[in-house]
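With chain A's structure known, arrange chain B with the ligands on it following the hints.
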Amino acid sequence: MANNSLMKVENISKIYQMGEVEVTAAKNINLELYQGEFVVILGPSGSGKSTLLNIIGGMDLPTEGRVFLKEEEITKYNDKRLTNYRREKIGFVFQFYNLMANLTARENVELATEICKDALDIDEIMKAVGLEDRKDHFPAQMSGGEQQRVAIARAVAKNPLILLCDEPTGALDFETGIKILSLLKKINKELNKTVVIITHNMPIGDMADRVIKMRSGELVEIKENKNPIPPERIEW
Amino acid sequence: MRKLDIRLLRMIKASKGQFISIAVVIILALTIYISFSMTFDNLNNTIDSYYDITNYGDVFVEVVRIPKAAIDQLYTIEGISMAQGRVMVDVPLKVENPNEKVRVRVVSIPKEEKPINKLFTIEGREVKKQIKATAMLRQFAEARGIGIGDKITPYIAGREYPLDVIGIVGSPEYIYLMENEQSILPAPEKFGVIYVGEDFAQSVFGYQGSYNQIMIKVDDESLYKIDTIIDEIEDQLDRYGVERIIKRDDQLSHKMMMEELDSLDKMSTAVPVLFLIVAGVIINIMLSRTVKNDRMAIGVMKALGYNNIQILQHYIKYSLSIGLIGSIFSIVFSIMLSRVFTNVYMQYMNIPIMRTEVYFIYIIYGVIFTSIFCILSGLMGARNVLRILPADSMRPEAPKIGKRVFLERIKPIWSKLTFSWKIVIRNIMRNKRRALFLIIGIALTYSITMVPIFMSYVFSDLFAIHYGEFQTMDFNIDFSKPMNNNGIKELSKVIDIEHIEPKLEFPFELNRGWRKKVVSVIGLNTNTEVYNFTSPQDESFTLSQEGIVLSEGLADSLKIKIGDEIILKNFLPNKEDTKIQVTGITQQYLGLNAYMNIEAMGKIIGEKGMITGALVNSSDDVTAKLNNVANINNIQSVEDMKNSFLEFMDMIIYSVGLLMLFGGILGFAIVYNVTIISISERLMEFSSLRVLGFDKNEIYKMITRENGLLTLLGIIIGIPVAYGMCYGIATAFDTDIFSIPVNITPISYIITAIATIIFVTVAQLATIRRIYKLNFIDALKSRIS
Ligand SMILES: Nc1ncnc2c1ncn2[C@@H]1O[C@H](COP(=O)(O)OP(=O)(O)OP(=O)(O)O)[C@@H](O)[C@H]1O
Ligand SMILES: [Mg+2]
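Sequences listed follow chains A and B, in order.
Position 111 (the first sequence) corresponds to 111 in full-length UniProt numbering; numbering is contiguous.
Position 1 (the second sequence) corresponds to 1 in full-length UniProt numbering; numbering is contiguous.
In case anyone wonders, no lab produced these hints; they're calculated from the structure.
The reader is advised that the hints may include incorrect statements.
Listed next, the in silico BS3-like pairs over lysine-lysine satisfying Cα-Cα at most 27 Å (straight line) [what the hints assert, rightly or not]:
{"hint": "1", "chain 1": "B", "residue 1": "K292", "chain 2": "B", "residue 2": "K696"}
{"hint": "2", "chain 1": "B", "residue 1": "K3", "chain 2": "A", "residue 2": "K117"}
{"hint": "3", "chain 1": "A", "residue 1": "K135", "chain 2": "B", "residue 2": "K3"}
{"hint": "4", "chain 1": "B", "residue 1": "K3", "chain 2": "A", "residue 2": "K80"}
{"hint": "5", "chain 1": "B", "residue 1": "K151", "chain 2": "B", "residue 2": "K128"}
{"hint": "6", "chain 1": "A", "residue 1": "K135", "chain 2": "A", "residue 2": "K185"}
{"hint": "7", "chain 1": "A", "residue 1": "K226", "chain 2": "A", "residue 2": "K70"}
{"hint": "8", "chain 1": "B", "residue 1": "K317", "chain 2": "A", "residue 2": "K80"}
Bound-form chain A, shown alone (with noise of 0.2 Å):
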């Protein structure tokens, strides 16, 4: 892996405060992510992980640390430039997929790219994601997969420089999991796109090229994959 580093994430916390009780959701984490690489963050449930995801793609602002794209602080920007940088830098992938349920699959991904500079050819990536001929389809008269490949066509499409997935395959069965995980594999290698993964499942791990493990809103462990297997060949 060539160490070209395109975030940082420098001894963040985030801290909610619930009332009299105060939640640490993340805590002191360090993280680096290169460019080009296949990341899966693995954790229980309330782990932190969503927390670290949030904080990374400019959604929500740790309570303490600092984020670094490259030389830039986004733990600096004010709501305006942290708006641009979501709307320029980041492709988001839901656990629900959450598409606007009142507009086409075609309407859903131009809804994100006629915001952004340079943003990649529609019927490409709509082919890419193997739905050219569902475009016009509304979300409700699609499958649980084809909406998730929307989703994800809809985050490629802005171009950005990472994508993040907080759990893309959560609500799938294993062949459908199995498929988006291939396109993301696929978007990570033939685009070079930085892809950042959340799941619950373990063996989704040997696919990346880094697994950090998380408990507790702890970073527990980074490991390093020296030979990330096919999505193909991932069971469980």
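For chain B with the ligands alone, kept in the frame of chain A given last:
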């Protein structure tokens, strides 16, 4: 097209019922505003130019007799630009039916080049040198079916004078034709005005070379000091026996018109503002609910890099498009309606000319104001967009905290409720804001519906109380000249009488500080049987020997209370003004008057034992028997008053109906929207119930119960609100002619409640489709809008 705009259009399409119902409220508001304002301007312009064309006078002085030379003297007063005399006498008119009493006012036409109150000839010729020719006021001609070429025969000093009608005319002083302040309602078939040559009038009435009325025009630059000019006029004319000085503002027709215009003006803003507020609140609630339900979608937009302004715009476009679409319809409707309204008013007001224009300024104001209003209520509703974080796109809706509702603590009540009622009450308490809005909306519907019902009852009450309780005479007879008690004896000989008593009635100016008012003061026997005075606190009282009793409206307008002293200024020559103490204030709903003991009043006038009329109770055919009796000027029968009132009622029935419709539309819009919002917000809940095996009817019944309970609460709260609104309307419509009592009959409350329930039910039925269309599988499947 932007994808968010596509989403907006689909959002509108999916909620078109709501969209339309809010738009209708806005259309109503804006149409009323634009068309009423335009009508108001059209009428004002029409009246102004009519006054201009006809050279309408500024001051009118009634005198006993004045020679021409004395009128010319008036030009010495600075500010007076024209002064002309005329003869004006009310006389009976010969008609076919001997029982019908019809009177005409014979008015002479000044000979001057440029006469004041010039007649506007609608048909036929002008009366110039012709003798035995007359021009007749159009309203009277129409009401009696008299046309050009017909002959009419007034009795003048006991003689018949047949006259040829050669012209039908309009006059600026009789746009609204009423005999005098006591008339209350116009009766154009009973009273008319005819115009004759000056020489003819002077000779038949015995006014050779002189007049009994002066018309005066004041320079525009001097109008501001008209009161000083009037004082000077009064001083200068004192020895000619000034009976009354009326300035334009107090002239009956002008005053009625201005009141009419004034209420139009009030309506043109009050009603639209109320409607816009309702529309605004519906938009607010609707958008805030939509934003709440769209929380995840908004989170996604933010995660995709949309900023707050773009997302807020997206939602505000929804409310703005309601406003704009409403505006387009309103503009079209208003332009059409303002013509119709102006026309209707024109006919009602008897102005032979018409000035109508489209005033774009009101369209511009209206549209701008509506847009700003929609944007603001949209902003208020959608402001929670700001609070949604991009990370919210990943969190499912935080479950509502299940709390015990207040009622559950009251065990004895709670335990008696059935399970389904418990659910209903929990549901209501779970979303208090929505429940509150529904309650307020229903309270508002209730009160808006109450107003017309109240008005229609009040008008019949007004008459019933005035002519049944306050005054109990059957006939009010005015002599044509003051007499002594013999007049009463004479009357008793001609008609069978159950009760008769004298009255002395004269106009006085009542002064209190700088406030003044000219009213008829009525002198009565202290033990009068036909007037029943009641204090504002509902205690009855009688006249005292000395002192004066004022009607409540009069006391209010002069800011007088019992015990205060006022100055009575009379218009009789060489009579000093008198100071007098107010000893009572009486409720009186029609007209403004003051009352005194007849002897005390005679003393002030300086003619002891003088009377000007009689108050009579009789079941005899008084009108017919007195028709040909000399010295009787006027017989007012309560029966006639009632009949003209019934006609008047017909007219207000329409406006009542219209107001009811408005109330209904508001009620519909509120209940419909709230129900739809509550159904769509609870799709998941209903779907779960459906999965559990509830059927559609059971779910619908649940919503109906919720709305029913809230309607009940709304009506209860609506009662005081309605009272307040009626009180406000009563105060707003308080004039010298009417003072409206605010006592709402129980039956009004019930009728209003029934009407409200009907509106609510209609709205409720309109939402039934939603439940029956509900596809619960879809609802459970899709988690995001
Ligand atoms: N808005 C919030 N307010 C309070 N506490 C929160 C909030 N969001 C997350 N938490 C808490 O922070 C902790 C970490 O949450 P996070 O969503 O990051 O977990 P996760 O690892 O993504 O879990 P899962 O696999 O179930 O999605 C949890 O204990 C959670 O309860
Ligand atoms: Mg998570």
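Problem set entry | Violating hint indices (sorted, rising) | none
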